[in-house]
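Student: Sequence:
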Amino acid sequence: MKTLLIVYVHGFKGDSTTFLQFPQYVEQRLRQIYPSTAIASVVYPPYDTKGELTVAANAFLSFLETKVIDLEVANGTGSPVISPTVGVILVGHSMGGLVISDTTVQILARDPTIVFPKVIGLLCFDSPFLGLHSSVFAQDVIHRGTSKFNELKALGASVPLATVGSYLFAKKSNEQPTQRAADGKPASDQKSSPNWGKIAGLTAAGVATTAAAAAGTMWYLKSQNVDISWAKDHLIFVGAIFQKPSALKSRLWTFYQARERVQLVNYYTVIQPKENAQSANPQDSTQMIKGLGKLISGEGDGKRTFCNIPKETPYSDFFVPAENNNALGEIEAHMNMFEDRKNSGYATLLGESVERISGWVSIWEKN
1 MKTLLIVYVH GFKGDSTTFL QFPQYVEQRL RQIYPSTAIA SVVYPPYDTK GELTVAANAF
61 LSFLETKVID LEVANGTGSP VISPTVGVIL VGHSMGGLVI SDTTVQILAR DPTIVFPKVI
121 GLLCFDSPFL GLHSSVFAQD VIHRGTSKFN ELKALGASVP LATVGSYLFA KKSNEQPTQR
181 AADGKPASDQ KSSPNWGKIA GLTAAGVATT AAAAAGTMWY LKSQNVDISW AKDHLIFVGA
241 IFQKPSALKS RLWTFYQARE RVQLVNYYTV IQPKENAQSA NPQDSTQMIK GLGKLISGEG
301 DGKRTFCNIP KETPYSDFFV PAENNNALGE IEAHMNMFED RKNSGYATLL GESVERISGW
361 VSIWEKN
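Just so you know, we're using UniProt numbering here: the sequence shown kicks off at 1 and counts up by one.
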């Protein structure tokens, strides 16, 4: 008997509730389609979304190997590597998609003919494989950062430009930065904790590598009494999406070359702002900004996206749109992908996800 293991991995500052009821619904439908296949769904426990991304990927790989080996032993498999009975689907939201993809890249690098654990597909949701779209960031903060740059330098605050980023808008947060009052003691008033929604708009995509963005980010963190060392450590984690385009594309190219062994798809949120609505990102994304040029929003027809979407193949083949007509902004759409009341496209997303996984499983079971 074969076993299908589905593992869900949250993004930056997410937790075990990120996916809400989505895993249960997917499992229920797959059980109806494959009654003779054992199906197990696991939500990866909350992990430290700080430091280098490779650390998180290594930790997840160890977790995955242990989980698969336990299932193989339970199935009485003679040779789990040569004749595995456990097939794995990895599901990642936001930065979780990069964690599971980098984990799979490690697995693929071991042997060109053997994949163990037997990962057959990666289902990603709004994972910024090519960075965040320029329409996500708040332009006024960038301008504010420019005016505060010299002041910031005088304070001695600095952070590698490549690591400056947003918190990637997780649905929930188990960990909050230590906030300190003017006297240096921890603040006890919970209402004074930093608003991650505001910090989120500080930087994105190409803007994140500018001095203005660095200054704006650090200045804001200081103004909100956020511990800078705490912030730097966590911003290193999201620094993985602020690399050169060639470096970002190399990850997807690996999956293109391995498309006969493992599949990958990334459902990205698309919003069509309502007329006269107060969006989370109200500025005109076609505005000219010095050093950046014109910021082209989303699909070019008024729709907006959270992630950068490639136009050229084969990279564009990995990206599938998921529209949400309820959301007023990119961040809101990103956060509410798995909440049916706030995502008009939830039912479609669920149905397509089950259908895609089912197709992957069907091919796996025949082999």
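By construction, these hints were calculated from the structure, which means they are not laboratory data.
Being a predicted model, the structure only gives us computed values, none of them experimental.
Yeah, the Cβ is synthetic: ideal placement off N, Cα and C, and Gly gets one too.
Hints should not be assumed to be uniformly reliable.
Simulated crosslink set (EDC-like; lysine to aspartate or glutamate; CA at most 16 Å straight-line) [said to hold, decoys possible]: (1) Lys342 to Glu323; (2) Lys249 to Glu323; (3) Lys249 to Asp102; (4) Lys50 to Asp15.
Listed next, with one range per pair, are the computed distances between beta-carbon atoms [unchecked claim]: (5) Thr54 to Asp111: 31 to 39 Å; (6) Ser83 to Pro112: 13 to 21 Å; (7) Ile363 to Arg31: 30 to 38 Å.
Student: Does the structure break any of the earlier hints, and which numbers would those be?
Tutor: Hints 2, 5 and 7 are the ones this structure does not satisfy, whereas the remaining hints hold.
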